[in-house]
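Sequences and hints are given; from them, build the entire structure.
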Amino acid sequence: MKDHFTMDEPQPRVLDETKQGVIGTPMDRPDGARKVSGTAGYAADHKVEGMAHGVLVRATISRGRVTDIGRASVMDLDGVIEVVTDPRMTRNPAQGMAGEAPVQPGDDVHYHGQPIAVVVAETFEAARDAAQRLVVTYRKEDAASDPDATPDTEVGDPETAGDFDAAWAKADVRLDRTYTTPSQVSAAMEPHAAIAEWTDGRVELRSSLQMVRFNKAELADTLGIDADRVRILSPFVGGGFGSKLGLGPEAVAAAIASEKLGRPVRVVMSRQNVFDAVLRRSETRQRVRLGASKDGQLLALSHDDRVSNLDGEGFAEPVSQASQFLYRADGLSFTQTVARIAATPAGSVRAPGEAVGMVALEAAMDELADELGVDPVELRLNNLPDTHPMDGRAFSTRRLADCLQDGAARFGWADRWTRGTRREGDWLIGMGVASAARSNMLVKSAARVRLQGDRAVVETDMTDIGTGTYAILSQIAGEMLGLSPDRVDVRLGDSDLPGASGSGGSFGASSAGSATFLAAKRIRRDIARKLGCPEDALTLQNGRARGDNREADLSELIDQELVGEAEIEAGKTDESHFSAGFGAHFAEVAVNEWTGEVRVRRMLAVMSMGRILNEKTARSQALGGMIWGIGTALTEEVQSDARDGHVVTRDLANYHVPSHADVPGDMQVVFLEERDDWANPIQTKGIGELGISGAGAAVINAISHATGHRTYDCPALPDRVISSLAP
Amino acid sequence: MYAFDIERPTTVAEAVNALKTDEAQPLGGGQTLIPTLKARLAAPSKLVSLSAIAEMIGISREGSTIRIGGATTHGQVATELAESYPALGYLASKIGDPAVRNRGTIGGSVANNDPAACYPAACLASGATITTNTRDIAADDFFLGMFETALEEDEIVTAVTFPVPQKADYQKFEQPASRFPLVGVFVAKHDDGVRVAVTGASESGVFRWTEAEEALSADFSAGALDGLSVDADGMITDLHGDGAYRAHLIKVLTGRAVTASR
Ligand SMILES: Cc1cc2nc3c(=O)[nH]c(=O)nc-3n(C[C@H](O)[C@H](O)[C@H](O)COP(=O)(O)OP(=O)(O)OC[C@H]3O[C@@H](n4cnc5c(N)ncnc54)[C@H](O)[C@@H]3O)c2cc1C
Chain A
1 MKDHFTMDEP
11 QPRVLDETKQ
21 GVIGTPMDRP
31 DGARKVSGTA
41 GYAADHKVEG
51 MAHGVLVRAT
61 ISRGRVTDIG
71 RASVMDLDGV
81 IEVVTDPRMT
91 RNPAQGMAGE
101 APVQPGDDVH
111 YHGQPIAVVV
121 AETFEAARDA
131 AQRLVVTYRK
141 EDAASDPDAT
151 PDTEVGDPET
161 AGDFDAAWAK
171 ADVRLDRTYT
181 TPSQVSAAME
191 PHAAIAEWTD
201 GRVELRSSLQ
211 MVRFNKAELA
221 DTLGIDADRV
231 RILSPFVGGG
241 FGSKLGLGPE
251 AVAAAIASEK
261 LGRPVRVVMS
271 RQNVFDAVLR
281 RSETRQRVRL
291 GASKDGQLLA
301 LSHDDRVSNL
311 DGEGFAEPVS
321 QASQFLYRAD
331 GLSFTQTVAR
341 IAATPAGSVR
351 APGEAVGMVA
361 LEAAMDELAD
371 ELGVDPVELR
381 LNNLPDTHPM
391 DGRAFSTRRL
401 ADCLQDGAAR
411 FGWADRWTRG
421 TRREGDWLIG
431 MGVASAARSN
441 MLVKSAARVR
451 LQGDRAVVET
461 DMTDIGTGTY
471 AILSQIAGEM
481 LGLSPDRVDV
491 RLGDSDLPGA
501 SGSGGSFGAS
511 SAGSATFLAA
521 KRIRRDIARK
531 LGCPEDALTL
541 QNGRARGDNR
551 EADLSELIDQ
561 ELVGEAEIEA
571 GKTDESHFSA
581 GFGAHFAEVA
591 VNEWTGEVRV
601 RRMLAVMSMG
611 RILNEKTARS
621 QALGGMIWGI
631 GTALTEEVQS
641 DARDGHVVTR
651 DLANYHVPSH
661 ADVPGDMQVV
671 FLEERDDWAN
681 PIQTKGIGEL
691 GISGAGAAVI
701 NAISHATGHR
711 TYDCPALPDR
721 VISSLAP
Chain B
1001 MYAFDIERPT
1011 TVAEAVNALK
1021 TDEAQPLGGG
1031 QTLIPTLKAR
1041 LAAPSKLVSL
1051 SAIAEMIGIS
1061 REGSTIRIGG
1071 ATTHGQVATE
1081 LAESYPALGY
1091 LASKIGDPAV
1101 RNRGTIGGSV
1111 ANNDPAACYP
1121 AACLASGATI
1131 TTNTRDIAAD
1141 DFFLGMFETA
1151 LEEDEIVTAV
1161 TFPVPQKADY
1171 QKFEQPASRF
1181 PLVGVFVAKH
1191 DDGVRVAVTG
1201 ASESGVFRWT
1211 EAEEALSADF
1221 SAGALDGLSV
1231 DADGMITDLH
1241 GDGAYRAHLI
1251 KVLTGRAVTA
1261 SR
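Quick mapping for you: the protein sequence lines, in order, are chains A and B. With the working numbering, letter number 158 in the first sequence gets 158, and the count goes up by one each step, no holes. Whatever position you read off the second sequence (first residue = 1), add 1000 for the working numbering.
Do not take every clue at face value.
Dumping the calculated EDC-like pairs for lysine to aspartate or glutamate here, alpha-carbon to alpha-carbon at most 16 Å [what the hints assert, rightly or not]:
#, chain 1, residue 1, chain 2, residue 2
1, B, 1038, A, 125
2, B, 1251, A, 593
3, B, 1167, B, 1083
Rather than coming from a laboratory, the hints here were simulated on the basis of the structure. The structure displayed is predicted, hence computed values, not measured ones.
As structure tokens, then:
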């Protein structure tokens, strides 16, 4: 029997009443030792009897048709088994939560780098050799790959509240600025990989995936078979950041090749494949208009953007997402334009929307503060809305003001000097601030908990993408059942287990965690009945049950396995209340006056992101996000050949993610106490993406404070900084 | 990588002979050539390794000049010249990473004449002489443009000889991932004037900044550069920086090199 729970009203804080005391503790990840010792099996690590090796072939034109895949050019090479093409092959990964097949282009080519075949051989080396030698013939068509050049653009209807034009006309101070951010990639450490094997008409796929429940449906739909003939295993994932939300072309290629050849096939993407054929974050061009009264009240706020994607992809980077709820104004307006281009398609990359949208909004707020002669922290504090500015919903909990004030005090903001006046030798010093915000979600999720004496097992198809799911689910089940987390076994990433939200949109811990909580809660009911006390009188601690003057060891009381299964989904609280994580980022930078180099000297983030389940994994998420912010501000940029969309920064030397040397030792994260009763029964909010949201803006604003000049194009590479200084 | 044969002669004469085969190519430290082969951008049928030719390895002092064998590694130059020609020793010590320095050779570097290579700047600024199996070539006549040198087919760089200047310094603005210079400037003050050589910046490869040389020959101080500027025309624009930025850096780094010269 499965309990079904809908989030219709605020929930009691059960986890503050239970007695085990493990929630929130900075427990090490139980999977950590296996990971650092190389014994955690990632997708490509498995060796299956009789396995063949597949290497994807990429299209070298940006639009057209394959007229001859050139099979004959490689078939007599040693070890080559087959050049597999198939109308079911997919041109790119599924978008997050699609649950259906991505575009299946047949012989058509829609972008440079699209996988068009998989060469299968007895060894990886032979497959790669043949894939490189393959002589493919195309019929080429013209297509625009540059978002500035394509004639094919879709302008959305403006989303508005109040009358922007009227408010803009009334404003004493008007700021109208255009910012750009380049394409970015997730650059997860583990490249995308898959091993597929068919047995008796069923396919088992090991792949590096974030959302197993959806991926199972995607694979079934892609292959045209029933979902009950698909099993997906993804117990360890070496980072995803959105790039593994949807089933990838390497997994489809492995499944099809394996079916055709009657033996297991492994397909691993090279790093270059990952750049070519995994969804990127769209580049953006953003126009922000802020109108304010002389005394610093925002009157008008508009944030229009232009992003890009390939035809047939429903995703468009939601650039103005946070701009729609951070600040109040009499008139707000948001218009999005999507440029259709023949280039690697775009999709979700960590904090889609906020990661780049807040760089522009928060830079504009900073400029407005300068124009008004108001402190940037003050300006933000003065313009917080009472309710959601677009739809009037109440905020569930919002401690943004506390974050800004607490952060300012800790960072020494009061000592901030006049823009462009502090120097240490050749280095100009500056401080910047930015708000952080990321909307919070609850996604349908199920989990099963088994209690065997004083040991428990949690089972769900939820994934751990390096974030700490194994840790927090063992903490939640342990807390609810009165067990030390090391007595809780967590089984993840198997599509035969109850279907969870998957890891994405920062909703995984809240959604899968709530399902685990509810499943364990159901078991508490059974324990109370066995002990002979009402459920609310039951205390579980260190393997012992107590209630109404009765006591027993779980190891004795539970003589046969108790099973609880629960499913949760969003409900009415979502309609009445808007939930989001909030925070404040502070950064101090040094800018070399002569070379334009920027060194981040220290960063601080103060965050209110609901109940913290594990202080260590939460901090790691926040720090990781802040480091992504440094990357956005200073280093990360995909560059493509404007003629054909060919990605030229196809490795981690040319696409520079911040290295240790780019990140200061002084990186502080502070969590404010918070419980979001309206969000879910464990009072949590999303954590994985708040750290990046706004972080880049704090760095950009600090550069401007240091130099007295502004850079409008991210990343602020040395040449851009130097040219911003030019008179 | 395509299949190829490899030979490892022990004398220059043998090497020259081995190179006579069609499509044979010399192999120095392989730090440029091997990645090129891996990317299938070259397909020599035979590689002739220069790494076992004793007469091409090592450093000797001859009066006021230093002679470096063409197959000497960057690592050896870095250690042995730290005292006798610190600017050149320092330059070698900053090439790539330890793996690159333990394999890569001065002969390979100058023969390759990568527009961002460090040694060509040292050669030009020092007024070095490049010695091959057939002749001596002045640095000023050797580097002809991006990846272009005066070397003939099958000619081997057997040594490079550097006059030691009174004072010198090399300033390198590193591209953080590859550690190649985005711009590198070598300044050398000789008895008969100052030479300034710039690498990494120009679309035509390493070059001498003659205006700076004149100004510095009259007054060897960073201030002497005050009125000068480098034209951004013809400077490299790439992922890491635009031409205007490189032109700007040339002046900044030249000033730094003058100040740091010793
Ligand atoms: C990660 C990395 C970073 C680097 N950073 C720098 C840097 O900061 N600064 C810098 O200057 N360089 C840098 N390099 C290049 C390095 O210095 C190479 O070693 C050098 O450019 C080539 O020398 P080699 O001996 O390895 O030559 P090879 O790669 O063996 O050969 C290069 C070319 O020269 C030819 N050749 C080799 N030896 C001779 C010879 N004696 N006579 C005639 N022709 C010859 C070959 O046929 C080939 O065409 C870097 C390389 C790498 C991989």
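For each hint, the structure was consulted:
1. B:1038 with A:125: holds (13 Å)
2. B:1251 with A:593: Given pair residue 1251 of chain B, residue 593 of chain A holds - Cα atoms ~13 Å apart, limit 16 Å.
3. B:1167 with B:1083: Holds. Residue 1167 of chain B to residue 1083 of chain B sits at ~13 Å (cutoff 16 Å).
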